[in-house]
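Starting from the known structure of chain B, fit chain X onto it as the hints suggest.
In order, the protein sequence lines correspond to chains B and X. Residue 134 in our numbering sits at position 134 of the first sequence, and the numbers go up by one each step. Just so we're on the same page, our numbering is the position in the second sequence counted from 1, plus 429.
None of these hints come from the bench; they were simulated from the model. Among the hints, erroneous ones may be present.
[Said to hold, decoys possible] Partial list, derived from the structure: chain X residues whose beta carbon lies under 10 Å from chain B:
1) D546
2) D554
3) D584
4) W620
[Said to hold, decoys possible] Below, simulated BS3-like cross-link-like pairs (lysine-lysine); rule was C-alpha separation at most 30 Å, straight line:
5) X/K690 to X/K752
6) X/K527 to B/K135
7) B/K137 to X/K559
[To be verified] To spell it out: a stretch of chain B is covered by chain X in this simulated footprint if at least three of its residues, at any positions, have a beta carbon under 8 Å from a beta carbon of chain X; those stretches are:
8) 26-39
9) 107-121
10) 138-144
11) 289-295
For clarity, every value in this text was computed on a predicted model and none was experimentally measured. From the three backbone atoms N, C-alpha and C, an ideal C-beta is built for every residue, glycine too.
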Amino acid sequence: MVVSFRSTITAADDLGTSPYIVGNPVDRQEMFFGRDDVIDRIKRQLSTSQKANVILLEGNRRTGKTSILQRLASPGVLPEWVPVNCSFQGGEGADGTAGLPTREVFRLMAREIGWQACDAGVVTWFPDIDPPDPKKKFKPQFTKALAAAFNTERPFEVFELYLQEVIEACRPRRLLLMLDEFDKLQEGIDAGITSPQVPENIRYLIHKYPDISAILTGSRRLKRLREEYWSALFGFGHRIGISALPLDAARLLVTQPVKGRLVYVDEARDRLAELCACHPFLMQSLCNRVFENSVRDHIRTITVSVVEAAAQEMVQDNEHFRTLWGYAGSERRRMLLELVEKLASGPDPVTFSLLETKIEELGIPIPASERLGDDIEYLRELELLDLDSQTTVTAYRIAVPLLGEWIHRNVDFDDLRQRAVKEGEAKLT
Amino acid sequence: MSGNPYQTLGTTIPPMLGRQRLFEQLMRQLTKASPDHVSVVGPCHYGKSVILQHLANVVSPGHGEYLTCAYWDLRHNIPDSDETFLREFAAVLKGALKTAKVEVADYIGGTGTPLRDEVALVLSDLSSEKKRILLIMDGFDHVLGNTGISRNTWDTLRSFAQFTSIRFVTGSRKKLRELCKTEDSATSDLWEVFNPNPLRVGRFEDHDWDGLLQPVTARGIQVDGSAQKEIINWTGGIPVLATALMHLAYESVQNDSTLSKTQIDEFATTIADDRADLIADLWDDCSREIREELADLQVRRELPSSEVNEEHRREMDLRGLAKVVGTSLRTASTLVGTFARQQSSGLESLRRLFGDSDRFFRNARTMVELRLSHVRPADTILFNTVSEAIRQISNPPVCIGLARIIANRAFEVIWKKELPDGEISLSWAADLKDFAKDRRIPAGGRACRLLQLATGTDDLPRLTKHVSKRTYALLNFIQSVGDHGQHLKGDEATWSYATAFCLAAVELCDSLFRDFTQA
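So that you can see chain B by itself, here it is in the shape it has in the complex:
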């Protein structure tokens, strides 16, 4: 049995700073856990074919897709490729409207290719523009040339010409375009500022130039786009789903970074993973909280009670859960989450029919065009609800116990019921 102990930490045995990463993508190899299989699959996919590849990384927000892209871009991971990471968040929008104008989409991709290829030792340039002065820094000159090159009504043609130069400059390596948050493009298309032709343009380039491959990341929206709109681009994509970490990797994420500084009791380590349902972002956050509390309270051994206390503090004032709550998208779905949380401590398994009965008892109207089953499906897709494996019938539970705790502490049942009733009534009229 491991017994917890407290000791006053002197300056000599200071715990140092927390190694965990909260909010930002994982940028240090030693903090990257549990995605070896994904990296291997991507490597295999990129190497098995001479022709162009499109890989789709699909997963909900904060499952670590950007971290995977950053890992792939690290030196030595894909030696036969020049990886270029491009997020569609960074471009210049149009007058207060979300999304990027078409020209900006291609200009942004060209900028990222130019800068990151340069970092990888490959200098690229635009045809028809005076070459850079080798005595001056490259990137500012490239950026100026970029502005001149894209001062045109035909940004796609300019981009294609530039891409041809890039492919040549990269040889014998190939260009790997990693387009993060690709589904953001749809916002611009919906707002009418991005041409709906852009996905087709990108498909054309990947088809035409076998020395280019692409990894596209996106969330639930990407899946919907794949199914509904952009089959032309995604039809030949290889899909990889990103979700929680395997338990072994989750355990390592807890203990490895603090080896020699903190000692986790096995039960505490497993409880931490369980509370977070092995989701890497939540685990990094909770581990960080445990670490900071250890510094504050001069604790070196982490027991279940230390983890539980840190979890309570974390859910008390946490923006992430508020965001997840918003993702549910409607008051009725939020009421379902609340009910699942509330009924979990009751005697009966939380089945569909139980939920249906409760929604009816609460007087929440459901328009004829909507189904409670679709709500549950939606919440499962967002990984907010999960099937309860502890029961013999099909029953549901909150997928992440920490979210359940957050709901318990922060949601006013009566207020939510009132909102859900109002929302339902408004839909009926």
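For chain X alone, coordinates are given in the frame of chain B:
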């Protein structure tokens, strides 16, 4: 005593006293291997800016991987569009890097490329060199509350935040997403790059007192246990109250003497009398529910904690207003408690008169009449017509029907004062081309348009000598109500609509009086 280190609400940010542990926590978040973007959250007057300014002082000369730090005070000269935000963001960055890394700073405004690219160039270069800049954005509430700044700005900041070479620290009264005024802004992914648990700045805690008392102890003044306890009892650890109290102590107590409980009581009484503004500010910053609970707490002396919403309990504790003792909630600050007691009867009266819709309806007329009694008439006819409208509040169609008469009379009064010749003057016509051909003073909607232009726009100078933009805004509203009043259908005219109109009409009278009597 000159150089008193205990400052309250001055024009400069005072030095940080106490808060050492909170500051260390902040530094730990910013200096770990993969530093966080940090949101510092706390109520008004609890010392966020003091901590953030101290952070700036520590990091500015260079600290570990941080080359320098930029402190951007967004409480003044608030950017009001995407363009101005980015321009000022870039200028702040450039200003900070000017001394630390001039060749990189010169990218901004020096490459002839879009500003976004120039900022990204700066950050890309710093990343390559494994260097970092800290950008503190204090008063972030003010930009988040500005609807002129769209999600594009936040998405751009998010793209900057992805560079390892910059870390953001924001200071705000509420959590960032809560502050977004538009739904669109709230959906930006920027808010997700911040550590999801904001750093909370609340009352002083036990470990803060040594630091807070350091300037007096440095003068050899002994603060005995009972005196310290009394400071906590009076102030609840609320920074602005504790500082005000220590300001008096610093001024009044001789070096190498002892600060006693009796002296603390005297100083606290002085603050209750002379600095009621501070306590009123703290009171006003609380939600209505918390104010009511605090008032209730004074009447009943203590409340079972189970009777108080957990979130409110946490908030009151954080603010030093109330504390949980066993299973009860008690007042934490005698100064605030006394103030709350004075407010409790007023609150009770307000609840009795306006606590629900029926009561509000019954008392709306008296409320508006009371307000009218504060106003001095600029024109008797106008004043009497408004008075008549108020009498008709319980008969909304009749009440609303008077709006056009009030608007027309107000225009008559205004033109008489501004255009005594009975036509649009030549000096106005020079600027108002639309009104130059026919210089007769228009009526109705065109009169409104004329007043809108004459009271000044972004493109036109103010032409009116007396009438203000405020008067135009009120009159424009009343004119709209008047137009609507001619075409009322069914139940469109409610008593609350009539009340809003009457209140605006009273304010129009007041505004005209102010316009005409100001030099």
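Hint-by-hint comparison with the structure:
Checking X/D546 against chain B: minimum C-beta separation of about 5 Å stays under 10 Å; hint holds. At a threshold of 10 Å, the smallest CB-CB gap from X/D554 to chain B is about 7 Å, leaving the interface hint in force. The criterion of a C-beta within 10 Å of any C-beta in chain B is met by X/D584, whose closest approach is roughly 5 Å, and the hint holds. About 7 Å separates the beta-carbon of X/W620 from the nearest beta-carbon of chain B, less than 10 Å, and the hint is met.
The straight-line distance between the Cα atoms of X/K690 and X/K752 is roughly 22 Å, inside the 30 Å bound, and the hint therefore holds. Using a Cα cut-off of 30 Å, the hinted pair X/K527 and B/K135 holds, with the two alpha carbons roughly 23 Å apart. Under the criterion of a C-alpha separation no larger than 30 Å, the hint pairing B/K137 with X/K559 is consistent with the structure, at around 18 Å. Proximity of the region 26-39 of chain B to chain X, defined as three or more residues with a beta carbon under 8 Å from a beta carbon of that chain, is established by the 4 residues found.
Coverage of the region 107-121 of chain B by chain X holds. Counting CB-CB distances below 8 Å, 3 residues qualify, and the rule asks for three or more. For the region 138-144 of chain B, the stated coverage by chain X holds: 4 residues have a C-beta nearer than 8 Å to a C-beta of that chain, and at least 3 were required. Only residues whose C-beta sits within less than 8 Å of a C-beta in chain X count toward coverage, and the region 289-295 of chain B has 3 of them, enough to reach three; the restraint holds.
The earlier numbered hints are all upheld by this structure, with none contradicted.
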